[in-house]
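Student: Take any residue in the first sequence, note its place counting from 1, add 478, and you have its number in our numbering.
Worth flagging that the hints you see were computed from the coordinates, not collected in a lab.
Every residue gets a Cβ at the ideal spot worked out from N, C-alpha and C, and that includes glycine.
No false leads were mixed into what you were given.
Cross-link-like lysine to any residue pairs, in silico, SDA-like; alpha carbons within 25 Å at most:
1. Lys671 to Asn630
2. Lys586 to Met561
3. Lys1297 to Ser1269
4. Lys1212 to Ala1244
5. Lys832 to Leu808
6. Lys1249 to Gly547
7. Lys586 to Trp495
8. Lys1297 to Val1320
FRET-style restraints, in silico, Cβ to Cβ:
9. Arg750 to Trp797: 21 to 29 Å
10. Cys925 to Ala995: 30 to 38 Å
11. Ala498 to Thr898: 52 to 60 Å
12. Glu677 to His921: 31 to 39 Å
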Amino acid sequence: MSRYDATSVEKKWQDAWETAGTFAAKRDVSKPKYYVLEMFPYPSGRIHMGHVRNYTMGDVIARYKLATGHNVLHPMGWDAFGMPAENAAMASGGHPKDWTYQNIADMKAQMKPMGWSLDWTREFATCDPEYYGQQQSMFIDFLEKGLVYRKNAVVNWDPVDMTVLANEQVIDGKGWRSGAPVERRELTQWFFKISDYSEELLEAIDSLDNWPARVKLMQSNWIGKSRGLQFAFSLIDGPDGQDRIEVYTTRPDTLLGASFIGISPDHPLARRLEIENPDVAAFNDECRRMGTSEEDLEKAEKRGLDTGLRVRHPFDTAWELPVYIANFILMDYGTGAIFGCPAHDQRDLDFARKYGLPVIDTFVAAENGAPVETEAFVPPKTDVVKWVRGFAWDENATGEQAIDAAIAFCESKGVGFGVTKYRLRDWGLSRQRYWGCPIPVVHCEACGVVPVKKESLPIRLPDDVTFDKPGNPLDRHPTWRNCTCPVCGNPALRETDTMDTFVDSSWYYARFTAPDAETPTSLPDADYWMNVDQYIGGIEHAILHLLYSRFFARAMHICGHLPEKAIEPFDALFTQGMVTHEIYVTRDENDRPVYHLPEHVEWTESGARLGATGQPVEVIPSAKMSKSKKNVVDPVNIIRDYGADTARWFVLSDSPPERDVEWTASGAEAAFKHLSRIWRLATDIAAADGSGQGDADLLRAMHKTIHDVTLGVESFGFNAAIAKLYAFTNTLAKSTAGAAAKRQAMVTLAQLMAPMTPHLSEEIWALLGQKGLIAEASWPAADPAQLVEDSVTLPIQVNGKRRSEITVAKDMPKEEVEKLVLEDDAVKRALEQGALKKLIVVPGRIVNVVI
RNA sequence: GCCCGAGUGGCGGAAUGGUAGACGCAGGGGAUUCAAAAUCCCCCGCCUUCACGGGUGUGAGAGUUCGAAUCUCUCCUCGGGCACCA
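Please model the complete structure; the sequences and the hints are all you need to start from.
Tutor: Here it is as structure tokens:
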């Protein structure tokens, strides 16, 4: 018996596929096309189990589609711009470009042995000038179409390092390197007008039939359409004659429960007041020291400052309300000002209690309604409530009815107007960093902000930069920054902001259809290959990446780079669960966390310790594997010890694909043993001859397995499909059938396993004398006649509890089943305890005797 | 804080209104072996029973149903996202 040597076998078949060009995609209108895409990786330098899981799932689909007669496109590339490359350059010298391309080479070398059916001829990295030059070209197109503009926006500013920080780099309000308290600073930045498409992006969600419902729900909520009332409070004695504060509210029905006005610290009025009021200036300063993320604002203690200003209530001009500056109000949403109704909003209630403001009920529960004390009364808008301070509707009405009536009433009185607003904000794409796609504009004193000419693209990143000083090296680059104006030819300054890396990943799927085109896309290729038939990636991209891609595809269509059918670029989406792992952490002298790789941690009787120093390690429960937390596991070791097929089989078998999987070492050994067993079984069968008993049973089981596995693969039930393959392997191993039947069963088993364990399957295919490559063979078909069972076992329940069972012909009429059931001993015994109330027979399923 | 998910034996999980625990891991027993490894066979939720069987059981609590892991509501725990991590 020959031993299965994964390393040499796998290399052999990978070479065979490459020689045959099995996975190089070419346009071919004679076959249905199938574009399968997994989210491309960031080139960290090492592949991890998350990649293995993601790309193996896509590979199963790609190989299955190839076997079912499709022309498959299955490309791979690199999401190669981003902060880690600059961080590496700062930490250890070197250049982001060298670091990135070296990582790509390293990672590709780790990916190749996995045997994924990728078309490497289409590979590109987003940091290739050929790619980002086309992106710059599209930026100029977008500019012409009015899809890009500039406005002020706040960033996290590290006053010691004099640099802009990402949210991730702000830890407890302090810069991650300097430890200095972070400030909010306003900069002029570039934005995509995604908000113009709020309604369209929202409506089109309905057409995404093959997207997970939860992703669609998350996107809907993110876009956040709301109907409300916009109106103004008149301001008493405002500065510079300012006489009104514009407010947007989704609950105009609670207008008579207002007790204060809140404005954002960034509101123009707040900014005006801080000029001469030191208290306001101090308070605003403090607010500006908070992080810029919504999470930071929402989690922070709700605080406010009474400006001393008062406004009049629109329905009662004698009623004056105080104006507070409040730290939880976003300038970016609505008008940057709200009215607070403490009785019906918990945040407003907390605020009112803290500052001694009145709590005015506008409605109470329809039955036993009591005034609000410590908890705001916030029933669903569809509940009928009893109105105690309503206007323009009945005493008993739902929130929805009251809101509609309030808007109509206010409009009729000339107090504001109904408006629809969206939570979705424009996409800020400016980054004050080097390692990104340069924004192709120049700043000219005479001509203003002007795009560069397309013939001078790509605007390449200069190579001669250093990272010994914080901040953006482009800002201080002597020759790169200075240029001439493309309009007037006078000296001008290049834009030094680069693009958000989400821009890079918002159109790579389109570029894969023609990676060498002289324009961003080639329409005949885009038309043939688009849309992506199956997109696969992590749930963590449910909102931003996918929403930005949907917007970008529309913008590309407007500029003629994609056909109209591609404005929703992903026909089907599958969000795989993440691979998680425990996190190991110690603290440095400043009590900041220091993370450690699992391979550096040892388990002793007294707990987890660092292998090198014996220092105790705090173990944090499993979370998403991430480079920054170092809770990553290296699949290269599994490939080395067991081979790629084992790694592939293992990541597919252990968990349902949409769910998180915690990485464990034990499964790998089991997968390897099973594949070895199949190889032994195949060699035994190859050597056997003669006839036996039970051929029909074996073939029946085989057809059932074809059916189940096909269904499993098509519905992303990979773990369930693998369980069926285990079961069929057991059946085959125990079968006493003749050699011919066993060979047929073994060949079929190899084919059904081929999308998952392609190398082993090729080896078995060849061993059993099949012609050509299994990768190019047609998927086996289940014979429907073999799937029909002639008899069925029905469980018999008594009052919902299983008590017995009967085996009957599949098509036995209900009446006969009932007769048999009543003769059953367990049923007879039960009937002695009480009279028969009901007899439920679900044909082919179950019988329930109700007593 | 807000939005979205998930929770089933010792462990990963199966079952999407119809026999809860398929399949795998770990564990126990046996065969083979001088012995071991490897391999093969059997057992395996918990309580109770010599056994047959009975009771109980899908994070907690309620509800709908002849029947609920599955549907509804409330709560708890864990995870993802929150616009400059990718």
